[in-house]
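Q: One-letter residues, chain by chain:
Protein chains: 2
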Amino acid sequence: MTQPTITHTNNTSQSNQASKQHILLIGAGLCGSLLALRLGQRGYKVTVMEMRPDLRKVDISAGRSINLALSNRGIKAINLVGLWDKVKPLCIPMNGRMLHDTAGNTTFAPYSGRDHEYINSISRGMLNALLLDEAEKHENVSIYFNRKCDSVDFENTTAHFTNLDNQEQLNQTANIIIATDGAGSAMRQSYFLSRKFLFSFSQEYLTHGYKELTILPGKNGSYKTDKNVLHIWGREAFMLIALPNLDGSFTVTLFLSYNEGEYNFNNLTTKERVLAFFTAYFKDALDLMPNLVDDFFTNPTAPLGTVKCAPWHYKGNTLLMGDAAHAIVPFYGQGMNASFEDVVEFDKVLDAEHDSWEAIFTAYEKTRKKDTDAIADLAIDNFYEMKGHVNHPNFREKRTLEMALEKTFPEAYASKYSLVTFNETIGYREAMMRGRAQDKAILNMLADQTITKVNNLSDTELKETLQKVNAETEAILEDDRIAGLK
Amino acid sequence: MTQPTITHTNNTSQSNQASKQHILLIGAGLCGSLLALRLGQRGYKVTVMEMRPDLRKVDISAGRSINLALSNRGIKAINLVGLWDKVKPLCIPMNGRMLHDTAGNTTFAPYSGRDHEYINSISRGMLNALLLDEAEKHENVSIYFNRKCDSVDFENTTAHFTNLDNQEQLNQTANIIIATDGAGSAMRQSYFLSRKFLFSFSQEYLTHGYKELTILPGKNGSYKTDKNVLHIWGREAFMLIALPNLDGSFTVTLFLSYNEGEYNFNNLTTKERVLAFFTAYFKDALDLMPNLVDDFFTNPTAPLGTVKCAPWHYKGNTLLMGDAAHAIVPFYGQGMNASFEDVVEFDKVLDAEHDSWEAIFTAYEKTRKKDTDAIADLAIDNFYEMKGHVNHPNFREKRTLEMALEKTFPEAYASKYSLVTFNETIGYREAMMRGRAQDKAILNMLADQTITKVNNLSDTELKETLQKVNAETEAILEDDRIAGLK
Chain V
30 MTQPTITHTN NTSQSNQASK QHILLIGAGL CGSLLALRLG QRGYKVTVME
80 MRPDLRKVDI SAGRSINLAL SNRGIKAINL VGLWDKVKPL CIPMNGRMLH
130 DTAGNTTFAP YSGRDHEYIN SISRGMLNAL LLDEAEKHEN VSIYFNRKCD
180 SVDFENTTAH FTNLDNQEQL NQTANIIIAT DGAGSAMRQS YFLSRKFLFS
230 FSQEYLTHGY KELTILPGKN GSYKTDKNVL HIWGREAFML IALPNLDGSF
280 TVTLFLSYNE GEYNFNNLTT KERVLAFFTA YFKDALDLMP NLVDDFFTNP
330 TAPLGTVKCA PWHYKGNTLL MGDAAHAIVP FYGQGMNASF EDVVEFDKVL
380 DAEHDSWEAI FTAYEKTRKK DTDAIADLAI DNFYEMKGHV NHPNFREKRT
430 LEMALEKTFP EAYASKYSLV TFNETIGYRE AMMRGRAQDK AILNMLADQT
480 ITKVNNLSDT ELKETLQKVN AETEAILEDD RIAGLK
Chain A
30 MTQPTITHTN NTSQSNQASK QHILLIGAGL CGSLLALRLG QRGYKVTVME
80 MRPDLRKVDI SAGRSINLAL SNRGIKAINL VGLWDKVKPL CIPMNGRMLH
130 DTAGNTTFAP YSGRDHEYIN SISRGMLNAL LLDEAEKHEN VSIYFNRKCD
180 SVDFENTTAH FTNLDNQEQL NQTANIIIAT DGAGSAMRQS YFLSRKFLFS
230 FSQEYLTHGY KELTILPGKN GSYKTDKNVL HIWGREAFML IALPNLDGSF
280 TVTLFLSYNE GEYNFNNLTT KERVLAFFTA YFKDALDLMP NLVDDFFTNP
330 TAPLGTVKCA PWHYKGNTLL MGDAAHAIVP FYGQGMNASF EDVVEFDKVL
380 DAEHDSWEAI FTAYEKTRKK DTDAIADLAI DNFYEMKGHV NHPNFREKRT
430 LEMALEKTFP EAYASKYSLV TFNETIGYRE AMMRGRAQDK AILNMLADQT
480 ITKVNNLSDT ELKETLQKVN AETEAILEDD RIAGLK
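Each protein sequence line maps, in turn, to chains V and A. Residue numbering for the first sequence follows the working numbering, starting at 30 and increasing by one per position. Residue numbering for the second sequence follows the working numbering, starting at 30 and increasing by one per position.
For the record, the hints were derived by calculation from the structure and aren't laboratory data. Do not take every clue at face value.
Which copy? The list can't say, so a pair holds if one copy fits it or any two copies do.
The list that follows gives simulated cross-link-like pairs (lysine to aspartate or glutamate, EDC-like), each with its CA atoms no further than 20 Å apart [unchecked claim]: (1) 469 to 501; (2) 497 to 508; (3) 74 to 410; (4) 395 to 289; (5) 225 to 289; (6) 344 to 289; (7) 497 to 162; (8) 312 to 323; (9) 469 to 509; (10) 398 to 289; (11) 497 to 440; (12) 105 to 376; (13) 395 to 233; (14) 312 to 382; (15) 377 to 387; (16) 399 to 501; (17) 300 to 313; (18) 398 to 233; (19) 399 to 410; (20) 337 to 406; (21) 399 to 233; (22) 337 to 402; (23) 482 to 402; (24) 253 to 83.
Can you make the complete structure from the sequences, with help from the hints?
A: As structure tokens, then:
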């Protein structure tokens, strides 16, 4: 059994004693399995308890989140555990958005003006299986499936499980417990219901839900439409998207209100209405989905929610991580990337000289929470951007200008999308603050006609425009700073 | 028995049938008792179930929220039920903030440049008792005490109570149930725990808690310090305030972190430390409180939380109102005012031609929620303003200018504080949007030296300044509008 390379080798008071510390992880999804691997690499004794069956042995896909967008922040984490060579072959690059209008016309809108910046469609199941395989290569890592966490006695660092194989109850105590059990986290529920400390908590649902559909592969695994893009049918009140899979299929997701508008999930109850809806709004997509009606009535409709909470940790006993701490809506393609970045940030804190788990958890939450709050808000913004703004003339002008700026001045300009998605060296919060100010600067300069031309600018003109955008961005940030009395 | 004048006499499909409709209210605090009175005036059969004993017979003050600030939005509601003549004698006008520095120097900062604009200190107990008395004058209103709501079966419009007099369980069904049971609402908990619909919910705690203290009356019920102001000892990291009572006492509230800083609630555990803290930071207040140490260790420390949720109603069966729907922190003095305004807004919706309770609840939430969300955010802003900003030179310059503008152009200018507190004809959200833009405009023009002088301006100079402030405010609102793509 070969041990993967351990990237960080710093010795700290914690890592010195790693082998003596037993860490219990609740949940072996993407975040839990990556964390198990990393903590295993660092030498901790790691026990992982997962509610579901082993996805390497049982097909547990249920028409939900079959594929995901992996980008720089997630890749940084994959590099930390030394797995990029194995993950890269699972990736399908998507260079931009392919916007489909009602008439079936398409427009390509790149994600970046820099050719090396793109996002990757990847299968949740394949990636999770790889991470489980790699974690289990460490003899100090043990993973158990069908162990459902019922609650956590965080004062005694003990989790209570039901073994779903035989319905027996079991308790597990450890030096620390980290819950990576997703948006519906059992440990977070224990924090909330116990009322033993002041626990701030929010769950916010959008009025829209989602349903996964499929464009099946063409002959011999060929793709029925463009493969290297993220397809968007944005219709203001609702939206359809499609991401490619390695087998030639596309996972299609419909985002639609539960109860508002002429067509909504509550009233799409017959084959005829579903076909009428798709014929009216997504004709070109419908043509690729003869299987639509079956998928529509077989697959579940699921809600879209944002969860924030604080504190993430109880003293030095327990910690929430990943979706358990910060579930976000999928519209920035950052859910998995944010959870993977959690592992990178936690790993950094382990490298620092802290003398207790409480100090480690406190330091981690202090640096990390502002960034996960920011990506939660950005993801909701992007819901509105993708549904409708992408079709607005002023939004399109802004993107055209930004692509020219990024192409011509690759070192000097990055759009909000690029700051969030491709600039893993800055945090989400900084990306949000600067990105929003840039958007505001450009949109207002277009409205004021301070910028009158965005196409075919000479390099000199483009440079002048860049200077205007930067100056106005700084002015906006400064005005906000003064108004906030910071 | 004399019936109070009914202000609204519009006949609607609902109010036509009011006498046939039975409304169950959970909670007879300020909001519940006012709502009971108003619904009684409208002719509904009203049953109110209150968890606590009757405060007119038992002293249930517990060192928490003894007095409150009543201002225009609350007075509007008192006028709706025709009670202003009885409430006015309970009020002690407060014309502004009296700022106390560490050396004991004081500065008076008026709330408005208009003499008729002030807030009123009023006793929670006296006001609640009056509202209960008036509600009970209606034979169609019945109020029961010691009835604790355990949960609400909102699908069947049935509430489950424990009669605390004999520990018996009882169920109460009605045409509709309105929960006015405060920040810890049992019905809201039933919404949350049932998982029968998508319920967005947030509870956010500040890092600070609060504790009530007292300045006792002087001889013959005299006041030991200025009576017609709200006293503030703002110390950046913590704050003390005092509001007058009719008996010559002041209710004093300490806002302090639970666990941060040299002095905090968790480490103020001895008489010596409490006295050292007050001697260092609140010497002039300490001199008025020989009873400080006793109060400090007798009275509870309570958290400061904000609760938001949506939807407030389940179909046409049940509705949350007042703190049960939107608990806020006390720093804008708007908690009671917002809950009273709920009753005014609900009453308006009852006047409209809606043909079902579901339509009424939906219309009410649609108009009201944006405003209660806004006052929740404004109240948190004011925590930072009161603690520290009131001491900043640029903040003080802004207030000096605003007072001059309000005094000289009473019809043309209203500060954010005035918009929120004294302009009951606009909603909290509009007050927040305009007020924040004005603050930003003035603070930035002071920083840029676009405005260089705020004292002793001639009327001509002041008029020019008003025009600059208004123009910049409009520009800020327009820039935000464009950036939001609205």
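Q: Evaluate each hint against the coordinates.
A: Hints, verified against the model:
1. 469 to 501: Both: 9 Å inside a copy, 16 Å across copies.
2. 497 to 508: Both: 16 Å inside a copy, 16 Å across copies.
3. 74 to 410: Neither. Shortest intra-copy (41 Å) and inter-copy (46 Å) distances fail the 20 Å Cα cut-off.
4. 395 to 289: between (40 Å within a copy, 14 Å between copies)
5. 225 to 289: between (40 Å within a copy, 19 Å between copies)
6. 344 to 289: between (44 Å within a copy, 15 Å between copies)
7. 497 to 162: Neither. Shortest intra-copy (52 Å) and inter-copy (66 Å) distances fail the 20 Å Cα cut-off.
8. 312 to 323: within (17 Å within a copy, 76 Å between copies)
9. 469 to 509: Intra 12 Å, inter 8 Å, cutoff 20 Å: intra and inter.
10. 398 to 289: Answer is between; shortest inter-copy Cα gap is 18 Å, intra-copy 34 Å.
11. 497 to 440: Within one copy only: 17 Å inside, 39 Å across.
12. 105 to 376: Answer is within: at 12 Å inside a copy they meet the 20 Å cutoff, but 57 Å across does not.
13. 395 to 233: The answer is between: 17 Å across copies meets 20 Å, while 23 Å in one copy does not.
14. 312 to 382: Neither, since 59 Å and 41 Å both go past 20 Å.
15. 377 to 387: within (15 Å within a copy, 53 Å between copies)
16. 399 to 501: Intra 25 Å, inter 31 Å, cutoff 20 Å: neither.
17. 300 to 313: within (18 Å within a copy, 77 Å between copies)
18. 398 to 233: The answer is both: 17 Å in one copy and 15 Å across copies each meet 20 Å.
19. 399 to 410: both (17 Å within a copy, 18 Å between copies)
20. 337 to 406: both (10 Å within a copy, 17 Å between copies)
21. 399 to 233: both (18 Å within a copy, 15 Å between copies)
22. 337 to 402: For residue 337 and residue 402, the Cα distance is within 20 Å both inside one copy (7 Å) and across copies (17 Å).
23. 482 to 402: neither (36 Å within a copy, 40 Å between copies)
24. 253 to 83: This pair counts as neither: shortest intra-copy Cα distance 32 Å, inter-copy 73 Å.
Comparing the model with each numbered hint stated earlier shows that hints 3, 7, 14, 16, 23 and 24 do not hold.
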